[in-house]
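Colleague: Sequence:
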Amino acid sequence: MIRLGCEGKVVRLTLDRPEARNAIPGEGWDQIADRLTEIARTDARLLIVSGAGGAFCSGVDLSDFGRFLGDAEASARLRQRIRAALDRLRALEIPTIAMIEGPCYGAGVALAIACDLRIAAPEAKFAITPAKLGLAYPQEDVHRLVRLVGAGQAARLLFTAGMIDAMEARRIGLVEIVEPAAAAKPILQSMLDNSADSLAVLKRSIRLTAEGVRSDPEQDRRFDALLSGEEVARRLDALRRQ
Numbered sequence: 053m054i055r056l057g058c059e060g061k062v063v064r065l066t067l068d069r070p071e072a073r074n075a076i077p078g079e080g081w082d083q084i085a086d087r088l089t090e091i092a093r094t095d096a097r098l099l100i101v102s103g104a105g106g107a108f109c110s111g112v113d114l115s116d117f118g119r120f121l122g123d124a125e126a127s128a129r130l131r132q133r134i135r136a137a138l139d140r141l142r143a144l145e146i147p148t149i150a151m152i153e154g155p156c157y158g159a160g161v162a163l164a165i166a167c168d169l170r171i172a173a174p175e176a177k178f179a180i181t182p183a184k185l186g187l188a189y190p191q192e193d194v195h196r197l198v199r200l201v202g203a204g205q206a207a208r209l210l211f212t213a214g215m216i217d218a219m220e221a222r223r224i225g226l227v228e229i230v231e232p233a234a235a236a237k238p239i240l241q242s243m244l245d246n247s248a249d250s251l252a253v254l255k256r257s258i259r260l261t262a263e264g265v266r267s268d269p270e271q272d273r274r275f276d277a278l279l280s281g282e283e284v285a286r287r288l289d290a291l292r293r294q
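For the sequence shown, counting from 1, position 70 maps to 122 in the working numbering; every step adds exactly one.
Keep in mind that the hints were calculated from the coordinates and are not lab data. Hints should not be assumed to be uniformly reliable.
Unchecked claim - The calculated DMTMM-like cross-link candidates involving lysine to aspartate or glutamate, where the alpha carbons are at most 25 angstroms apart (straight line), are:
1. K184 with E71
2. K177 with E231
3. K255 with E283
4. K255 with E192
5. K237 with D123
What the hints assert, rightly or not - Now the in silico label distances, taken between C-beta atoms and shown as ranges:
6. L244 with A277: 20 to 30 angstroms
7. L56 with G122: 31 to 41 angstroms
8. D82 with I229: 28 to 38 angstroms
9. R119 with I229: 32 to 42 angstroms
10. L187 with G105: 17 to 27 angstroms
11. R142 with G57: 17 to 27 angstroms
12. P174 with R266: 15 to 25 angstroms
13. Q294 with R55: 36 to 46 angstroms
All C-beta atoms in this analysis are idealised placements derived from N, C-alpha and C, irrespective of residue type, glycine included.
Using the sequences and the hints given, assemble the complete structure.
Modeller: Shown next, in the form of structure tokens:
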């Protein structure tokens, strides 16, 4: 259901249920969390999250819903499983990129916006549809959505449950780049060419800023450590030699 693959320092987490457009059942979220724990222990430089079979993720597996009807405790457990997986994704120190092809619906959007960057293929489609089913969207996912696209566009997506294409998703800020997956390789390579330590500090800085933190002593310490470190000297020397 959840595959891990490595290409050098790039690790790819693939949702592999193409027959269900990569809908994720309850245990699938546990698998995602476990795989992310494995990734955190490696020396990977970059994580790509993608789906098999021309779809990213069509959301939570609707065939699971029968288990939760009339059972608030079971519903809470599913919500907690999803939250645990997405929190673990957010906690990774390396850059995380959602490579989105085809459908990206509901919890699939939550998975994508928990990544640092979203690259959508031109044929990608997006929808957040809990209101069609009499459901809500988890508060932490609404928070991330509003941060990305603003309250008005978030309201549009959630209230209408309507579908938008990749270009509209880019226009409103739901994705950053619209390119076929193959064309996105130079973007990934540019990240790999940069300092892993710098990217980790910058990623933390972006997260703190999004949370409303203006200054942070730990971030200052990391900044100073980079500035006085050996890697800066090596990279400056390499630039001078060019």
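Colleague: Does each hint fit the structure? Answer for all of them.
Modeller: Checked hints:
The straight-line distance between the Cα atoms of K184 and E71 is roughly 23 angstroms, inside the 25 angstroms bound, and the hint therefore holds. A C-alpha spacing of about 13 angstroms is found between K177 and E231, which places the hinted pair at or below 25 angstroms, so the restraint holds. The suggested pairing of K255 with E283 holds, with an alpha-carbon distance near 18 angstroms, which does not exceed 25 angstroms. Distance hint between K255 and E192 is fulfilled; the C-alpha atoms sit about 19 angstroms from each other, no more than 25 angstroms.
Between K237 and D123, the direct Cα distance comes to roughly 45 angstroms. Violation of the 25 angstroms bound is thereby established for this hinted pair. Between L244 and A277, the C-beta spacing of about 22 angstroms keeps the proposed range 20 to 30 angstroms intact. For L56 paired with G122, a C-beta distance near 36 angstroms keeps the hint of 31 to 41 angstroms intact. Remark: the range hint 28 to 38 angstroms for D82 to I229 is upheld by a beta-carbon distance near 30 angstroms.
Taken as a hint, the range 32 to 42 angstroms holds for the pair R119 and I229, whose Cβ atoms sit roughly 37 angstroms apart. Distance hint check: the CB atoms of L187 and G105 are about 26 angstroms apart, consistent with the given range 17 to 27 angstroms. For the pair R142 and G57, the supplied restraint of 17 to 27 angstroms holds, since their beta-carbon distance comes to about 22 angstroms. Evaluation of the 15 to 25 angstroms hint for P174 and R266 yields a failure: the beta carbon distance comes to about 38 angstroms.
Judged by the Cβ atoms, the range 36 to 46 angstroms given for Q294 and R55 holds: they are separated by roughly 40 angstroms.
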